[in-house]
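Using the sequences and the hints given, assemble the complete structure.
Protein chains in written order, with this note's numbering: chain R, 1 to 372; chain G, 373 to 700; chain W, 701 to 862.
Don't take each hint at face value.
Claimed, not checked - Listing some non-contacts, in silico: residues in chain G with all C-beta distances to chain R over 12 Å:
id, residue
1, K436
2, N477
3, L527
4, S561
5, S606
6, C637
7, L649
What the hints assert, rightly or not - Computed spacing ranges between beta-carbons, pair by pair:
id, chain 1, residue 1, chain 2, residue 2, range
8, W, D752, R, P295, 39 to 45 Å
9, W, D752, R, P301, 31 to 37 Å
10, G, V382, R, E206, 51 to 57 Å
11, R, K326, W, I740, 17 to 23 Å
These aren't lab readings, by the way, just hints derived from the structure by calculation. The beta carbon of each residue, even a glycine, is placed where N, CA and C say it ideally should be.
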Amino acid sequence: MSAPIQLRPDETFILNVGPQHPATHGVLRVKMQMDGEYIVKSETVLGYIHRMHEKMGENRTYAQYLPNLSRLDYLGALGYTHGHVLAIERAAGIEVPERAEYIRAITVELNRVASHLFWFGAFVMDLGGFSPLMYAIQDREHILDMLEAVTGARLTYCYYRFGGLYNDVDDDFTEAAKRFIPRMRKSLKKYDALVTGNIIFQKRLEGIAPVSAEMCRKYGATGPVARGSGINFDVRKNEPYSVYPEFDFDIPVYHECDSMARYKVRMDEMEQSLRIIEQGLEKLPGGPIMAEKKPKNIKLPVGDFYQAVETARGSFGIRIVSDGDKNAYRLKLRSPTYSNMHLFDEACEGMLIMDALAFMGTLDLVIPEMDR
Amino acid sequence: MSLTLLNVIVAVVIAIAFAAANAAYLVWAERRGAARIQRRPGPNINGPFGLLQPPLDGIKLMTKQLMIPGGADKILFMVAPVLAMAPAIMSFVTIPFSEGIAAHNMEIGVLMIFAFASMGAMAILFAGWGSRNKYSVMASVRAVSQNVSYEIPMLITAITVVMVNGSMDLKAISTAQAGGFWHWNIFPSLQSPLMPISFIIFFICSLAETNRAPFDLGEAESELVAGFHTEYGSMGFGLFFMGEYANIVIGASLTTILFLGGWDCPFGMFPGVWWFLLKIYILIATFIWIRWTFPRTTIYGLLNLSWKILIPISLFNLLLTAGLLKVF
Amino acid sequence: MILETTQQALQALFAGSVPADGAEAATPRGNGVITRNYKIHGYHLDAQVATDQLLAAVTILDHAGFFIESITGVDWIKENQMEVIYDFSRYDFDTCRVVIRTRVPRDQPLVPTISTIYAGANWHERETHDFFGIKFTGHPHLVPLLLPEDADFHPLLKDFKA
Numbered sequence: 001m002s003a004p005i006q007l008r009p010d011e012t013f014i015l016n017v018g019p020q021h022p023a024t025h026g027v028l029r030v031k032m033q034m035d036g037e038y039i040v041k042s043e044t045v046l047g048y049i050h051r052m053h054e055k056m057g058e059n060r061t062y063a064q065y066l067p068n069l070s071r072l073d074y075l076g077a078l079g080y081t082h083g084h085v086l087a088i089e090r091a092a093g094i095e096v097p098e099r100a101e102y103i104r105a106i107t108v109e110l111n112r113v114a115s116h117l118f119w120f121g122a123f124v125m126d127l128g129g130f131s132p133l134m135y136a137i138q139d140r141e142h143i144l145d146m147l148e149a150v151t152g153a154r155l156t157y158c159y160y161r162f163g164g165l166y167n168d169v170d171d172d173f174t175e176a177a178k179r180f181i182p183r184m185r186k187s188l189k190k191y192d193a194l195v196t197g198n199i200i201f202q203k204r205l206e207g208i209a210p211v212s213a214e215m216c217r218k219y220g221a222t223g224p225v226a227r228g229s230g231i232n233f234d235v236r237k238n239e240p241y242s243v244y245p246e247f248d249f250d251i252p253v254y255h256e257c258d259s260m261a262r263y264k265v266r267m268d269e270m271e272q273s274l275r276i277i278e279q280g281l282e283k284l285p286g287g288p289i290m291a292e293k294k295p296k297n298i299k300l301p302v303g304d305f306y307q308a309v310e311t312a313r314g315s316f317g318i319r320i321v322s323d324g325d326k327n328a329y330r331l332k333l334r335s336p337t338y339s340n341m342h343l344f345d346e347a348c349e350g351m352l353i354m355d356a357l358a359f360m361g362t363l364d365l366v367i368p369e370m371d372r
Numbered sequence: 373m374s375l376t377l378l379n380v381i382v383a384v385v386i387a388i389a390f391a392a393a394n395a396a397y398l399v400w401a402e403r404r405g406a407a408r409i410q411r412r413p414g415p416n417i418n419g420p421f422g423l424l425q426p427p428l429d430g431i432k433l434m435t436k437q438l439m440i441p442g443g444a445d446k447i448l449f450m451v452a453p454v455l456a457m458a459p460a461i462m463s464f465v466t467i468p469f470s471e472g473i474a475a476h477n478m479e480i481g482v483l484m485i486f487a488f489a490s491m492g493a494m495a496i497l498f499a500g501w502g503s504r505n506k507y508s509v510m511a512s513v514r515a516v517s518q519n520v521s522y523e524i525p526m527l528i529t530a531i532t533v534v535m536v537n538g539s540m541d542l543k544a545i546s547t548a549q550a551g552g553f554w555h556w557n558i559f560p561s562l563q564s565p566l567m568p569i570s571f572i573i574f575f576i577c578s579l580a581e582t583n584r585a586p587f588d589l590g591e592a593e594s595e596l597v598a599g600f601h602t603e604y605g606s607m608g609f610g611l612f613f614m615g616e617y618a619n620i621v622i623g624a625s626l627t628t629i630l631f632l633g634g635w636d637c638p639f640g641m642f643p644g645v646w647w648f649l650l651k652i653y654i655l656i657a658t659f660i661w662i663r664w665t666f667p668r669t670t671i672y673g674l675l676n677l678s679w680k681i682l683i684p685i686s687l688f689n690l691l692l693t694a695g696l697l698k699v700f
Numbered sequence: 701m702i703l704e705t706t707q708q709a710l711q712a713l714f715a716g717s718v719p720a721d722g723a724e725a726a727t728p729r730g731n732g733v734i735t736r737n738y739k740i741h742g743y744h745l746d747a748q749v750a751t752d753q754l755l756a757a758v759t760i761l762d763h764a765g766f767f768i769e770s771i772t773g774v775d776w777i778k779e780n781q782m783e784v785i786y787d788f789s790r791y792d793f794d795t796c797r798v799v800i801r802t803r804v805p806r807d808q809p810l811v812p813t814i815s816t817i818y819a820g821a822n823w824h825e826r827e828t829h830d831f832f833g834i835k836f837t838g839h840p841h842l843v844p845l846l847l848p849e850d851a852d853f854h855p856l857l858k859d860f861k862a
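Right under this line is the structure:
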């Protein structure tokens, strides 16, 4: 529904969306040059919550750096800590017991569902429908309760350790997770009926904000944004890590490239995560949760190491350049929303402001993760 | 003469009290209703069922300082909230709640209500322009274009009803529908078979005219912060808020009178003000229900709905009714 | 397989200067392409190029359909050099992670921009400029992104004192 723009530079105005704005879900600022309701040009300004996590990575030992990772993305923190411990284990050659990896996969997937649930609620709220947020938060609450019981935290988890876990899961957790799966499936059906089938909702998303696969490639978009553009890319499948090869799950891909496709990818992903959790609980082996042979002070060999994981927002990468010391010489965090948000400026040109902000919602932004 | 004047003054005072009480308690009802829909308790601390919440909110709003942003147009900024509230109260004057309860019955009641309702758009425009805020200006432009485009189908539908009942007098229109629900205008008659559609159009338009979700583009909080009342605090905001709810009551009353038989009982027994109130509160509950269920439409979707669908249908309906009135 | 073809294409940039075996351990190593053990390092190909070969190398990857993951810098203060690392990966199941790195002298850190090839490099380059002060010549808008707009310091330099 994009009307042709007659650009008259003297008749445009600058609209400063943010740093405090309801649609940005945090401190993000987008400077938009507007022609009435249409965006002529937009420039994203980042860094309002920049904390220089990468410098902290150089100053702290690897173990001391563990809690930092969960401060990146407060909605799906486990995925990020998973990436970190995997990178260290890969570089230091630590073997992780199978049980620990299974528990990691289960908890990461639970966290992914929680993150997508919150995104779902917040996104529908972006479109003006307030009630789904409350339903989504209620479902998410069950997950947070479960994770709190095993990890001791509700959002900023520091659960994984190099070589295993901090704490084993008990029967209460497995029982609660087993109870949760059918309940969540029922909820997903309800969301489908309440939101996905809504005509206003469909009209607002279908055909809006097309992001081509080529654009995704040029900007390095990953995660649901890329999968909504017909790219079958998921690190869990493309570069299998942890115990993901053991699970039978699908990667939802939609070829419409519009906001609806990105929405559907995330909704389908929740179901796939539930499948992984279900299988994980079934196959969960016994045994230790911590590697037996593990150096007390971890020192990595000289060289550089990369580990990518699929978080709720896309492919998160961690690059550690080591000079053999107990802390990293350089630690780079590749955050998925940073790349995903980058294409916003180009994609939103000529869009109506309300479509553009709905599009921003489909990018699933978490600002601390973007600014690091 | 003086007795009539006194009569009118007393009635107007009652109308203001009714409008204010309604506005205050509809906020409470809306919050409780929304909470019910969203599985949370809602305001329940102050008084039984949180019933003291509205007066306390009022006190809070009244004791706050009224901030006028620098560079704002002071006159427009101050006038706008009053202009939002006053026409809504004025419209109450002519609404017949039952046979004998009406502040002042006018022969052109329909016209008067529409005349006052169109002033609401002015209030929004003044507020948006006066507060010197880009979001407010954008919101007010949206709201005005929305109000203008929805007034047309609303008026055309009202004219259809006026033609069928042969009067612009709200009391006469109500009386003409007396005697059971099969006499109501909502049901198709020989002269106007498309009445149910008219009712739906009128209902949609009254949603849009009162800037209610899913048509609340004037205060689209996720993109335009708070729309036209972004810069308002204190009672300036309070008046906008009350004006919105007063308008909802007007919209529901008008729908009730034009389509649902006013104070008439569905089965022709005990007609009275209670039926009128019951009907408007059912309509208002529907308003609330819709607001908390649907996401917001887009501005082009909204205008397309009016100009491409509602206006042609209502025009066709008008012509059809006019023709059939001539035949029968 | 994409791994071999990419390796050959990149190798062509270094006609006549194939690095000896065991180059993996040497630091600083000379320019050239080496394959890495994916199990340990997490990527397959590691190409170090001169700054004037950078655009050619990135163009090869662009034509081969790689997507850009990230760009970052490393400050090798002992060697008085700075390194810019480009990460590329693929969307298809022919997994191949390629790292392109280039080294510049510390006192004159000039690297050509690749944002003309990969639009997404824009922010990554700005970020690298923020943190290291590496100037990307030809970059359309090289102003601080994550740091305040008047920032004149580069926090990830090893001699940076807060």
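For each hint, the structure was consulted:
1. K436: holds, 20 Å
2. N477: With a cut-off of 12 Å, N477(G) remains clear of chain R, as the shortest Cβ separation is near 40 Å.
3. L527: holds, 25 Å
4. S561: Fine: 31 Å to the nearest Cβ keeps S561(G) off the interface.
5. S606: holds, 21 Å
6. C637: Correct as stated: the minimum Cβ-Cβ distance to chain R is 35 Å, above 12 Å.
7. L649: holds, 27 Å
8. D752(W) / P295(R): 39 to 45 Å: Since D752(W) and P295(R) have Cβ atoms about 43 Å apart, the given range 39 to 45 Å holds.
9. D752(W) / P301(R): 31 to 37 Å: holds, 32 Å
10. V382(G) / E206(R): 51 to 57 Å: Roughly 56 Å apart at Cβ, these two residues keep to the hinted range, so it holds.
11. K326(R) / I740(W): 17 to 23 Å: For I740(W) against K326(R), whose Cβ atoms are near 19 Å apart, the range 17 to 23 Å holds.
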